[in-house]
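Here the structure of chain L is known, so what remains is to put chain F in place on it, guided by the hints.
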Amino acid sequence: MENIKLTAKDFAPDSPVKWCPGCGDFAILAQVQRTMAAMGLPHEKYVVVSGIGCSSRFPYYMNTYGFHSIHGRAPAVASGIKLANPELSVWVVTGDGDGLSIGGNHVLHAIRRNIGLKILLFNNRIYAMTKGQASPTTQQGTKTKTSPMGTIDYPFNPARFAIGLDCAFVARGLDTDMALTSHILERAARHKGTAFVEIFQKCIPFTDKEFDGLKDKDKKDDFLIKIEHGKPLVFGRNRDKGIIFRNFRPGIIEFKPGNIPDDVAVYDETNAEMAYLISGFQAPEFPIPLGVFRATEKSSYEELYYNQVAAVGDTKSNELETLLAGPDAWEVK
Amino acid sequence: MNKSSPKKEVRINELNSITIRFAGDSGDGIQLVGHQFANATAIAGNDLSTLPDYPSEVRAPAGSLGGVSGFQLSFGDKSVMTPGTRPDVLIAMNPAALAVNIKNIDKGSVIIVNSDAFNPGALEKAGYSANPLEDGTLANYRVMAIPVNTFTENTLKDSGLAKPQILKCKNFYMLGIMYWMYGLPLEPTINWIKIKFKKTPELAKANQEVLSAGYAYSEAAEIFDARFQIKKSPVAPGKYRNLTGNEAAAYALITAAKLLKKKLFYGSYPITPASEILHTLCMHKANDVVVFQTEDEIAAICTSIGAAFAGCLAATGTSGPGLSLKIEAMGLGVIVELPLVIVNVQRSGPSTGLPTKTEQSDLLQAVYGRHGESPLVVIAAASPADCFTTTLEAARIAVKYMTPVIVLSNAYLSNGSEPFRIPKLRELPRFEVPPLPEPGQFKPYMRSSETLARPWAYAGLKGYEHRIGGLEKADITGAVSYEPENHEKMTKLRAEKIARVVAEIPPTRISGANEGELLVVGWGSTFGAITQAVTEAREMGLRVSSAHIKYMNPLPPDLGTVIRRFRKVLVPEENLGQFRMMLRASYLIEPIGLNKIQGQALNSDEILSKIKEILRGN
Numbered sequence: 033m034e035n036i037k038l039t040a041k042d043f044a045p046d047s048p049v050k051w052c053p054g055c056g057d058f059a060i061l062a063q064v065q066r067t068m069a070a071m072g073l074p075h076e077k078y079v080v081v082s083g084i085g086c087s088s089r090f091p092y093y094m095n096t097y098g099f100h101s102i103h104g105r106a107p108a109v110a111s112g113i114k115l116a117n118p119e120l121s122v123w124v125v126t127g128d129g130d131g132l133s134i135g136g137n138h139v140l141h142a143i144r145r146n147i148g149l150k151i152l153l154f155n156n157r158i159y160a161m162t163k164g165q166a167s168p169t170t171q172q173g174t175k176t177k178t179s180p181m182g183t184i185d186y187p188f189n190p191a192r193f194a195i196g197l198d199c200a201f202v203a204r205g206l207d208t209d210m211a212l213t214s215h216i217l218e219r220a221a222r223h224k225g226t227a228f229v230e231i232f233q234k235c236i237p238f239t240d241k242e243f244d245g246l247k248d249k250d251k252k253d254d255f256l257i258k259i260e261h262g263k264p265l266v267f268g269r270n271r272d273k274g275i276i277f278r279n280f281r282p283g284i285i286e287f288k289p290g291n292i293p294d295d296v297a298v299y300d301e302t303n304a305e306m307a308y309l310i311s312g313f314q315a316p317e318f319p320i321p322l323g324v325f326r327a328t329e330k331s332s333y334e335e336l337y338y339n340q341v342a343a344v345g346d347t348k349s350n351e352l353e354t355l356l357a358g359p360d361a362w363e364v365k
Numbered sequence: 011m012n013k014s015s016p017k018k019e020v021r022i023n024e025l026n027s028i029t030i031r032f033a034g035d036s037g038d039g040i041q042l043v044g045h046q047f048a049n050a051t052a053i054a055g056n057d058l059s060t061l062p063d064y065p066s067e068v069r070a071p072a073g074s075l076g077g078v079s080g081f082q083l084s085f086g087d088k089s090v091m092t093p094g095t096r097p098d099v100l101i102a103m104n105p106a107a108l109a110v111n112i113k114n115i116d117k118g119s120v121i122i123v124n125s126d127a128f129n130p131g132a133l134e135k136a137g138y139s140a141n142p143l144e145d146g147t148l149a150n151y152r153v154m155a156i157p158v159n160t161f162t163e164n165t166l167k168d169s170g171l172a173k174p175q176i177l178k179c180k181n182f183y184m185l186g187i188m189y190w191m192y193g194l195p196l197e198p199t200i201n202w203i204k205i206k207f208k209k210t211p212e213l214a215k216a217n218q219e220v221l222s223a224g225y226a227y228s229e230a231a232e233i234f235d236a237r238f239q240i241k242k243s244p245v246a247p248g249k250y251r252n253l254t255g256n257e258a259a260a261y262a263l264i265t266a267a268k269l270l271k272k273k274l275f276y277g278s279y280p281i282t283p284a285s286e287i288l289h290t291l292c293m294h295k296a297n298d299v300v301v302f303q304t305e306d307e308i309a310a311i312c313t314s315i316g317a318a319f320a321g322c323l324a325a326t327g328t329s330g331p332g333l334s335l336k337i338e339a340m341g342l343g344v345i346v347e348l349p350l351v352i353v354n355v356q357r358s359g360p361s362t363g364l365p366t367k368t369e370q371s372d373l374l375q376a377v378y379g380r381h382g383e384s385p386l387v388v389i390a391a392a393s394p395a396d397c398f399t400t401t402l403e404a405a406r407i408a409v410k411y412m413t414p415v416i417v418l419s420n421a422y423l424s425n426g427s428e429p430f431r432i433p434k435l436r437e438l439p440r441f442e443v444p445p446l447p448e449p450g451q452f453k454p455y456m457r458s459s460e461t462l463a464r465p466w467a468y469a470g471l472k473g474y475e476h477r478i479g480g481l482e483k484a485d486i487t488g489a490v491s492y493e494p495e496n497h498e499k500m501t502k503l504r505a506e507k508i509a510r511v512v513a514e515i516p517p518t519r520i521s522g523a524n525e526g527e528l529l530v531v532g533w534g535s536t537f538g539a540i541t542q543a544v545t546e547a548r549e550m551g552l553r554v555s556s557a558h559i560k561y562m563n564p565l566p567p568d569l570g571t572v573i574r575r576f577r578k579v580l581v582p583e584e585n586l587g588q589f590r591m592m593l594r595a596s597y598l599i600e601p602i603g604l605n606k607i608q609g610q611a612l613n614s615d616e617i618l619s620k621i622k623e624i625l626r627g628n
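Line by line, the protein sequences are chains L and F.
Residue numbering for the first sequence follows our numbering, beginning at 33 and increasing consecutively.
Residue numbering for the second sequence follows our numbering, beginning at 11 and increasing consecutively.
Chain L on its own, in the form it takes in the complex (with noise of 0.2 angstroms):
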C-alpha cells in the first residue's frame, strides 16, 4: 500500500453539503470523512453506495468514486464492485428505510455473504425525505403520517438483526458521540467482511426528540451503557449498575461505585449469544446499549470466491478459439 497522508478535507468535495441545519449526518459525515483519512488509502479506491433517502446523499459529499443508487439497492450495487474489484474499500450509506424495508433483501444476503461491505445504517427511525411516514424502526405507538392513531408495527432493531444473521462485525453509534462513533468507523474500516454499523441519528424536522435520552448530559449514564470488549457491563451516572445474566435473563444490580460484584458480565465482542441478549436492550426497563456487539474474523465472499477460482487454476492463456470450441468441436474441411 501506498504511505499516503491525507486529512479529512482531502476527503471533503467543492459542493455544499445540504442537509437540514443541525442535522445529525453532518457529524456522521465529519467522523467517515476522517476515517478514511487516517487508514491510508488512497482516494480513488473508496467508493461509496447508497440508495434513496436523507443518508444516501452522502456520496455526493465525499471526495471519492461515488455511486447513488436506487432505493434500497445500494448493497446490491456495492457488492457488484466489491466482487469485481475486491481491491476497493466499499461503503454503503443506508437508512431505516432504504435499508430494512425496501432494501431489506439486500442488505440480509450481504450479511448472509459476508461479502466485504462497510454498511452504515443511519436510523433516525422515520421516513424523512419523504417528509415523516412511519418506517420499520419506528417505535410501537409513534404518531406520523402515516400512523395518525400511533404505529401498531413492531419495529425492527438494527444492531440485533444483524447479530441474529450471525454478522461478524456489528456495532451501534451516536451521531453525537464523535469519540465512540470515530473508533466504531475505524474498527468497521479494518474489518474483512460485511461490517454492519448502526448509528442513531436525530431527524430535526420529524425525530428531533427520538435521542435526547441519550444525550442529557445530567441522565444519558443511567439511560445508556457503553459496551467494551473486556469490560465489565457497568453503567450509571455513578457507575453503580451492572449487568448480570441468570438463567439467560439479563437482569440489573445495583453495588457500591468501584465494587464491582463478581457476577457482572464481562462484555465478550466474540460471543454471538450474548451480544444478542444485550442488543436486545429496550428503554426503559434496560439502559440503552452503544459499541461494538460483535467482532470475530471469517473468511469473506470475494476471498473465498477468488480462492476458489485460483483453485481451479489459471485457464486465462487459452486461446480464445480453444475456449469457444470447448471438448466437443468438429472440423470441416
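You may find that some hints are simply not true.
[Claimed, not checked] Calculated lysine to any residue pairs in the SDA-like style (CA-CA distance at most 20 angstroms, straight line):
#1 Lys178/F with Lys204/F
#2 Lys295/F with Lys50/L
#3 Lys365/L with Ala484/F
#4 Lys206/F with Pro118/L
#5 Lys273/L with Tyr338/L
#6 Lys249/F with Trp362/L
#7 Lys472/F with Glu460/F
#8 Lys295/F with Ser47/L
#9 Lys295/F with Ile337/F
#10 Lys273/F with Pro439/F
#11 Lys113/F with Asp87/F
#12 Lys499/F with Leu481/F
#13 Lys50/L with Leu471/F
#14 Lys258/L with Asp300/L
#15 Lys434/F with Ala69/L
#16 Lys472/F with Gln314/L
#17 Lys502/F with Lys472/F
#18 Lys271/F with Tyr338/L
#19 Lys453/F with Ser47/L
#20 Lys37/L with Gln218/F
Simulated from the structure, these hints should not be mistaken for lab results.
Relative to the frame of chain L, chain F by itself:
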C-alpha cells in the same frame, strides 16, 4: 456389409432432409439422447436445427400425458431453417409419448416404440383403453415395436447393476438403433459417455454397451427394411460445435470481454429458460468470468451495474417476469450511462404463464417498458447460433455508446441448437470504448462528438474520482442539477445518443425481389420459419419477399423506404401484434398480422398458408 450374409438386403434410401422427434417420459433421458443425436448428425456433416420441448415440472407424474418430454430435430443437406413441423419419424418411449404426439404424425410415417412400456398401467395413464400396438390404431403407420427394456436387461444381465440402474440405460439402446438407421457414428457419444461417467466407470461401461447393442441389434435383426442416408450439407470449412442459443449468448459474453480485455461480470438469478447462460458462464470462472448468483432479479441487474462502474464488461440475463423486476434499475442504467448487456430469454406470459414455452411477447416491454424517457438499444437474435452474433453486437454497442442494451432471445432459441462455426479472432468485430481524457480534463458527462457516449472512468482509476447516480446530472460536469432546461437537454441527449446507434445498422437485406406485392417482415426467432415459407412460396410462383429485423430500437434507418416498396406487409409474430404496432407507429402503414400465442413457434406451413391467403385470396 458382408455379402455372404444370409440376411435380407437392406435398402439404403438417400434423403435430402428428415425430421425426427424423440418423445418419452420426462425421466427417460429424452433431452440427453436428442442432444447426442443432434451432435452426431452435425459431426456427420448435416445442417440441423433442434427444438427441445419439455414440461415445467422437474418430474411430472411418471407415465402421465403432462410428463411427456420431447426433442425434435431436422437435419439435412441444405440449410435447415427450422426443427420441422411434422416429424417423419417418432420415437415413443411410452404410451403417453405416443398419445401426445400422434396427432402431429402424418400417415405413412415411421413410429418406433419401446413395446415393453406398453403395459396396462402405462396405457391407462395415457388414456388408452386398448393397446394401440395391437388394436389396429396404427395400421396406417410404419410401426416398429422393439422391446427395449428386455433387450437392455439382456445386454446388462452380467453387469452387476441393479434393475433400476439397468433400465436407466434404455435410452442409449434406442439411440443405438437410431444411429444405425441413419448411418451415424457412435464415437462422439461414446467419448461423451466416457467423460460424463468418468467417476462411475461401471455406468460408463453399461451405457456404452447398451448403445452398441442397439446398433448391433439393428444391423442383425430383420425388422428394418431400410436405412437412410441424409445428404451432407455443403458448409464452409472450419471448426464447428453445436450450440444452444443460451450457450451461444454465454460464449458471446466471454468473447466480448476478451476482445475488450476486461473481466466479464454476470449477475443473475435463476429463471427458466435463461438459467443455462448462468450455468455455462459458471464453468468459465477461471477465465476472468465473474459470476454472481444473486438473491433476486433486482440484485442481479444492480450488481451488474455496480460491476460496470468498477470497470467490468457487465451483463445480466433473465426472462420476462425477471425483466419486469429489473426495469427500475434499467432506468438507472440509462441515466448513469454505463454499459450493460441484458439478455432477455422470452417465454409465454404474463406472470408465470407457460414458463418453459416460447413467445415473442416482451418486445414492447423491452423497447418502451420503463419509467420516464429512458431509451435504450434493443436487438433480437434470429437463430440459436445468431444468439452469439447478437449478444456480441449488444456488448459492442453497450461499450461504444455507454448504454444498456437488451438482447431479445426466447425459449425456442435458447433451447434449440444448430451448428456454430467457431470464428477466428480476426473475423470478430472490433470493440471501441469512448476516449478517456487526461485526469485534469475529465468531466463525468462530457461526450464523444461522434457517439455522444460519456467516458468510462471506472472506480479505482486515480484522478477520475467522481459521483454518479439516479438524480439528473448537469450536462458535462455531472453535478446534481434540478435546472428545468438542463433536464430537457439531458433527456434529448440520451435520446439522441440511442438514435445515433443507427450508424451501426447495415442496410436491410431483402430476400427476394426489392419491390412487389408482399413483404413479410419478421424479427427474432421466426427467421427460420419465415425464410422457409417465403422460399417455398416463391417456388410456387408467388411474388413475395422477406426482410428480417435485428435492430428493434432504433429501427433500421432504411426500413420505411424498404417497406413502402411493397403493396402489402405481413408481420408474423408470436404475440398479439407488438412489432406490427411499432411499424404502424413508425411508418404510418397498416401491416397484416399473423399472430400465434400458443407457446409454440410459428411454423413455415402456417406462414405459407397466410402468404397464399393474401396473394391468392384463398
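Results for each hint:
no.	hint	result
1	Lys178/F with Lys204/F	holds, 17 angstroms
2	Lys295/F with Lys50/L	violated, 43 angstroms
3	Lys365/L with Ala484/F	violated, 58 angstroms
4	Lys206/F with Pro118/L	violated, 35 angstroms
5	Lys273/L with Tyr338/L	violated, 49 angstroms
6	Lys249/F with Trp362/L	holds, 6 angstroms
7	Lys472/F with Glu460/F	violated, 26 angstroms
8	Lys295/F with Ser47/L	violated, 41 angstroms
9	Lys295/F with Ile337/F	violated, 28 angstroms
10	Lys273/F with Pro439/F	holds, 18 angstroms
11	Lys113/F with Asp87/F	violated, 27 angstroms
12	Lys499/F with Leu481/F	holds, 15 angstroms
13	Lys50/L with Leu471/F	violated, 28 angstroms
14	Lys258/L with Asp300/L	holds, 13 angstroms
15	Lys434/F with Ala69/L	violated, 50 angstroms
16	Lys472/F with Gln314/L	violated, 46 angstroms
17	Lys502/F with Lys472/F	violated, 31 angstroms
18	Lys271/F with Tyr338/L	holds, 19 angstroms
19	Lys453/F with Ser47/L	holds, 15 angstroms
20	Lys37/L with Gln218/F	violated, 69 angstroms
Of the numbered hints listed earlier, those contradicted by the structure are 2, 3, 4, 5, 7, 8, 9, 11, 13, 15, 16, 17, 20.
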